[in-house]
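Asks: Chains as they are written, first to last, in the numbering used here: chain A, 14 to 164; chain B, 667 to 781; chain C, 16 to 464.
Please note that the accuracy of each hint is not assured.
Claimed, not checked - Here are some of the chain C residues that sit facing chain B, going by a computed Cβ distance under 8 Å:
| hint | residue |
| --- | --- |
| 1 | Pro259 |
| 2 | Asp260 |
| 3 | Asp266 |
| 4 | Gly267 |
| 5 | Ser270 |
| 6 | Leu283 |
| 7 | Gly285 |
| 8 | Asp304 |
| 9 | Ile306 |
| 10 | Thr309 |
| 11 | Pro352 |
| 12 | Thr435 |
| 13 | Glu437 |
| 14 | Gly441 |
Claimed, not checked - Straight-line distance between alpha carbons at most 20 Å, and here's what the computed EDC-like set of lysine to aspartate or glutamate pairs gives:
| hint | chain 1 | residue 1 | chain 2 | residue 2 |
| --- | --- | --- | --- | --- |
| 15 | A | Lys43 | B | Asp736 |
| 16 | C | Lys245 | C | Glu408 |
| 17 | B | Lys679 | C | Asp304 |
| 18 | C | Lys424 | A | Asp137 |
| 19 | B | Lys721 | A | Glu98 |
| 20 | B | Lys748 | C | Asp304 |
| 21 | C | Lys99 | C | Asp181 |
| 22 | A | Lys123 | A | Glu93 |
| 23 | B | Lys707 | A | Glu134 |
| 24 | C | Lys423 | A | Glu74 |
| 25 | C | Lys426 | A | Glu74 |
| 26 | A | Lys123 | B | Glu764 |
| 27 | A | Lys152 | A | Glu65 |
| 28 | B | Lys674 | C | Asp301 |
| 29 | A | Lys123 | B | Asp736 |
| 30 | A | Lys55 | B | Asp736 |
| 31 | B | Lys707 | C | Glu274 |
| 32 | C | Lys321 | C | Asp351 |
| 33 | C | Lys321 | C | Asp171 |
| 34 | C | Lys431 | A | Glu134 |
| 35 | A | Lys62 | A | Glu134 |
| 36 | B | Lys721 | A | Glu74 |
| 37 | C | Lys187 | C | Asp310 |
| 38 | C | Lys150 | C | Glu274 |
| 39 | B | Lys721 | A | Glu48 |
| 40 | C | Lys321 | C | Asp181 |
Don't read these hints as lab results, they were simulated from the structure.
C-beta: ideal position from N, C-alpha, C; glycine also.
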Amino acid sequence: MERRDFLKNSSFAALSLAGVDIFAKNVSGKIGFEEAYEDAIKGVKKIYKDSEKIKLKIPKEVKKGLVVPVEVDIDYPMKEDRYIEHIYILATKNPVAKIIKANYTFINAKAYLFVNIKLSETQDVAILARSNIGEIFEKRKRVKVAISGCS
Amino acid sequence: MSMGFKWKRGVIKPLKKEIKKGDVVIFTAATYHPMDSGFQKDKTTNKIKPKFFVKELKIFFEDILVCSFDFEVSASPKLVVKFPLRVFKSGRIKALWEDNLGNILSKSVKISVQN
Amino acid sequence: MALSRRDLLKISTILAASTAFGSEHSKKDDDIKKSVSSYGVQNAPLPKPKGPRVVIVGGGWSGLAVAKYLKKFSPKTDVVLIEKRSVFISCPLSNLWLVDLIDLQFLTHDYLQASQNNGYIYFNATVYDIDRVSKKVFTNEGVVSYDYLVLAPGIDYDYEEWTKGDVELETKLRGFYPAGFIPGSEHFTLKRKIEEFEEGNFVLTVPGGNYRCLPAPYERASLIAWYMKKEGIKGKVVLIDENPDITIKKDGFSSAFNELYKEYIEYLPGSKITGIDLDKKRVVTDMGDEIDFTDASFYPRIRGSKLLEVAGVAKDSAFNKKEADIDPFTYQSKEDPYIYCAGDVRPMGFSKSGNTANSEGHLVAKIIASIIDGKEFKWDSPITVCYSAVSGEPIRAISVNAKYAYDKKKKAFTFKDASTMENWKGRQGIMSGKGLLEWAKGMYRDMFM
Numbered sequence: 014m015e016r017r018d019f020l021k022n023s024s025f026a027a028l029s030l031a032g033v034d035i036f037a038k039n040v041s042g043k044i045g046f047e048e049a050y051e052d053a054i055k056g057v058k059k060i061y062k063d064s065e066k067i068k069l070k071i072p073k074e075v076k077k078g079l080v081v082p083v084e085v086d087i088d089y090p091m092k093e094d095r096y097i098e099h100i101y102i103l104a105t106k107n108p109v110a111k112i113i114k115a116n117y118t119f120i121n122a123k124a125y126l127f128v129n130i131k132l133s134e135t136q137d138v139a140i141l142a143r144s145n146i147g148e149i150f151e152k153r154k155r156v157k158v159a160i161s162g163c164s
Numbered sequence: 667m668s669m670g671f672k673w674k675r676g677v678i679k680p681l682k683k684e685i686k687k688g689d690v691v692i693f694t695a696a697t698y699h700p701m702d703s704g705f706q707k708d709k710t711t712n713k714i715k716p717k718f719f720v721k722e723l724k725i726f727f728e729d730i731l732v733c734s735f736d737f738e739v740s741a742s743p744k745l746v747v748k749f750p751l752r753v754f755k756s757g758r759i760k761a762l763w764e765d766n767l768g769n770i771l772s773k774s775v776k777i778s779v780q781n
Numbered sequence: 016m017a018l019s020r021r022d023l024l025k026i027s028t029i030l031a032a033s034t035a036f037g038s039e040h041s042k043k044d045d046d047i048k049k050s051v052s053s054y055g056v057q058n059a060p061l062p063k064p065k066g067p068r069v070v071i072v073g074g075g076w077s078g079l080a081v082a083k084y085l086k087k088f089s090p091k092t093d094v095v096l097i098e099k100r101s102v103f104i105s106c107p108l109s110n111l112w113l114v115d116l117i118d119l120q121f122l123t124h125d126y127l128q129a130s131q132n133n134g135y136i137y138f139n140a141t142v143y144d145i146d147r148v149s150k151k152v153f154t155n156e157g158v159v160s161y162d163y164l165v166l167a168p169g170i171d172y173d174y175e176e177w178t179k180g181d182v183e184l185e186t187k188l189r190g191f192y193p194a195g196f197i198p199g200s201e202h203f204t205l206k207r208k209i210e211e212f213e214e215g216n217f218v219l220t221v222p223g224g225n226y227r228c229l230p231a232p233y234e235r236a237s238l239i240a241w242y243m244k245k246e247g248i249k250g251k252v253v254l255i256d257e258n259p260d261i262t263i264k265k266d267g268f269s270s271a272f273n274e275l276y277k278e279y280i281e282y283l284p285g286s287k288i289t290g291i292d293l294d295k296k297r298v299v300t301d302m303g304d305e306i307d308f309t310d311a312s313f314y315p316r317i318r319g320s321k322l323l324e325v326a327g328v329a330k331d332s333a334f335n336k337k338e339a340d341i342d343p344f345t346y347q348s349k350e351d352p353y354i355y356c357a358g359d360v361r362p363m364g365f366s367k368s369g370n371t372a373n374s375e376g377h378l379v380a381k382i383i384a385s386i387i388d389g390k391e392f393k394w395d396s397p398i399t400v401c402y403s404a405v406s407g408e409p410i411r412a413i414s415v416n417a418k419y420a421y422d423k424k425k426k427a428f429t430f431k432d433a434s435t436m437e438n439w440k441g442r443q444g445i446m447s448g449k450g451l452l453e454w455a456k457g458m459y460r461d462m463f464m
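Isolated chain A (complex conformation) (with noise of 0.2 Å):
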């Protein structure tokens, strides 16, 4: 199928009711994106923004947020002195900003994760790749939803 059919087609509504409520609004348990990013950041030496290393794989349109596959690899070397030790993923605009934060060590020998996640509405999807020694890689994509995956 093409992009622009899939452009017309994609959110004819119905696939599911269930997920089409908007978050409540004022409720606590929220965390903001950048919460969510200070927190991720906290005390690194670098940020290497928009960052050539990593590789993110994610559809760039969704019918629905409540399945969307991410995966990401990072050119990094991963050996004991210098590895990747958390990757981030985070959303910009989900009420809980925080989606995983995967802990690795050079014993996984790739800086690689892949992981579904929820998307409540059309957003920037962000990764931040930290190494042991203070670095931080990140690399934003935009994801258009149709239907939310809130629930």
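Since chain A is already given, all that's left is putting chains B and C on it; use the hints.
Replies: Just chains B and C, lined up with the frame of chain A:
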């Protein structure tokens, strides 16, 4: 969902069958959990459904923790995680999930490494 | 000796080059699909049309509404409804019949009555080809010419994901474990399975994509569980759902599963079936489940009826394979301005339910009548009204109402005025159960009276 939820479904498996010593193997650890965000009303009772989500996944090789994952409510109910691991010898790989209410699910797989 | 199909093909290629033909649209005649069967087939025994003839293929919930209301909106139009079945069986409410909460009489209706009451012709025949050049529909009862053609043939099953082309497996699944979403023998077999079930797992599945009747698999699971509970059957329904969660009326169904059928329903969301072994009677999923079953009804993904491909107006939609390639506001085929498609073959993600198809039938009738009479028309949203029973004696039900609106920014349809009633408990649930029966009676009246 949370009220009647019995947590028992999960699987851990390597993506390739033949593993040689020193190979970097991608494993899949998958489970299903309601992952209730704590923001939605139950339309039957009209009450807010409390947060109910997988908090952590730990991966063990022969009871040694090799990596772990922290989650929030924004992970998907179809909680599939794939991660790499360099494998040096045969042994048991175990996945242990824990949710915010302290429920635990554990699944494991035996892998054989050819020299 | 009659010419073989191969001979006809040869002839048709010679003829195709020399046929002169006037057309309003820009396509060359050679580009328009021709039919080998346009040679030597008798005309159907139908009277000469006295006005423009609209042929509707498919007497389901949309086709019946198109036929009736087209005649109402444009009385001079000659309307022929071609349907392969001689008796109408309703798919909506059939879950209630499976567990004896209503009788078969309630679901079956008379096509002749519908045509007598509404002044159109019901032609009991099976369509096997369509020639868009000569505007002819080929049926086993002869050829019917049209000025406008409405295709409302409904769904077909798409077993590909499970069978990977293994037709032996597909034939066994269709024959022994039918889905029960195209009414007829499938439903009879399913009912017999339920009645004869003694113990063990009864597997039902919920497919991915925009499948026919979103709540039906959950309703069916609930009602079979209700029946097992009532009859003291030592079994349970294992509901394998390809979707990550209950796709509609989630809270209503999940509370029914938990509170009424804890011992009778095992719900497995987010599970793709990766293997079906019919000899061992075992299903394997990508979530590591291995389910042994005593009996099963496998509901695969759906696709548009193959008739759309015969007509050359099919295209994969965002949800399912080979659905109608139409303008979502006019229902007119993008390939052929004389063809309209309605009902469950639509590519828009509307709910594939009876009420949606019926209300859409009203709209399509209005559109075609306006075109015939040279008037303007305005698009209006189909209406989804959908009740689902969760238990019987008394019937308790939950419901959803929704319309659709086009979001210009998103370039997509979204829900408008959607609301659900998911509390099956107390008076509300019983009232909703009564509403379910009344809704169906109203719909049958609309289609047949």
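Asks: Take the hints in turn and mark each one as holding or not.
Replies: To see whether the hints hold, each was checked on the structure:
{"no.": "1", "hint": "Pro259", "result": "holds (5 Å)"}
{"no.": "2", "hint": "Asp260", "result": "holds (6 Å)"}
{"no.": "3", "hint": "Asp266", "result": "holds (4 Å)"}
{"no.": "4", "hint": "Gly267", "result": "holds (6 Å)"}
{"no.": "5", "hint": "Ser270", "result": "holds (4 Å)"}
{"no.": "6", "hint": "Leu283", "result": "holds (7 Å)"}
{"no.": "7", "hint": "Gly285", "result": "holds (4 Å)"}
{"no.": "8", "hint": "Asp304", "result": "holds (6 Å)"}
{"no.": "9", "hint": "Ile306", "result": "violated (11 Å)"}
{"no.": "10", "hint": "Thr309", "result": "violated (21 Å)"}
{"no.": "11", "hint": "Pro352", "result": "violated (44 Å)"}
{"no.": "12", "hint": "Thr435", "result": "holds (6 Å)"}
{"no.": "13", "hint": "Glu437", "result": "holds (4 Å)"}
{"no.": "14", "hint": "Gly441", "result": "violated (11 Å)"}
{"no.": "15", "hint": "A:Lys43 <-> B:Asp736", "result": "holds (17 Å)"}
{"no.": "16", "hint": "C:Lys245 <-> C:Glu408", "result": "holds (10 Å)"}
{"no.": "17", "hint": "B:Lys679 <-> C:Asp304", "result": "holds (13 Å)"}
{"no.": "18", "hint": "C:Lys424 <-> A:Asp137", "result": "holds (18 Å)"}
{"no.": "19", "hint": "B:Lys721 <-> A:Glu98", "result": "holds (19 Å)"}
{"no.": "20", "hint": "B:Lys748 <-> C:Asp304", "result": "holds (18 Å)"}
{"no.": "21", "hint": "C:Lys99 <-> C:Asp181", "result": "violated (28 Å)"}
{"no.": "22", "hint": "A:Lys123 <-> A:Glu93", "result": "holds (12 Å)"}
{"no.": "23", "hint": "B:Lys707 <-> A:Glu134", "result": "holds (19 Å)"}
{"no.": "24", "hint": "C:Lys423 <-> A:Glu74", "result": "holds (17 Å)"}
{"no.": "25", "hint": "C:Lys426 <-> A:Glu74", "result": "holds (13 Å)"}
{"no.": "26", "hint": "A:Lys123 <-> B:Glu764", "result": "violated (25 Å)"}
{"no.": "27", "hint": "A:Lys152 <-> A:Glu65", "result": "holds (8 Å)"}
{"no.": "28", "hint": "B:Lys674 <-> C:Asp301", "result": "holds (14 Å)"}
{"no.": "29", "hint": "A:Lys123 <-> B:Asp736", "result": "holds (19 Å)"}
{"no.": "30", "hint": "A:Lys55 <-> B:Asp736", "result": "holds (17 Å)"}
{"no.": "31", "hint": "B:Lys707 <-> C:Glu274", "result": "holds (18 Å)"}
{"no.": "32", "hint": "C:Lys321 <-> C:Asp351", "result": "holds (17 Å)"}
{"no.": "33", "hint": "C:Lys321 <-> C:Asp171", "result": "holds (7 Å)"}
{"no.": "34", "hint": "C:Lys431 <-> A:Glu134", "result": "holds (18 Å)"}
{"no.": "35", "hint": "A:Lys62 <-> A:Glu134", "result": "violated (24 Å)"}
{"no.": "36", "hint": "B:Lys721 <-> A:Glu74", "result": "violated (27 Å)"}
{"no.": "37", "hint": "C:Lys187 <-> C:Asp310", "result": "holds (13 Å)"}
{"no.": "38", "hint": "C:Lys150 <-> C:Glu274", "result": "violated (57 Å)"}
{"no.": "39", "hint": "B:Lys721 <-> A:Glu48", "result": "holds (19 Å)"}
{"no.": "40", "hint": "C:Lys321 <-> C:Asp181", "result": "holds (19 Å)"}
Violated hints, in rising order: 9, 10, 11, 14, 21, 26, 35, 36, 38; the structure is consistent with all others.
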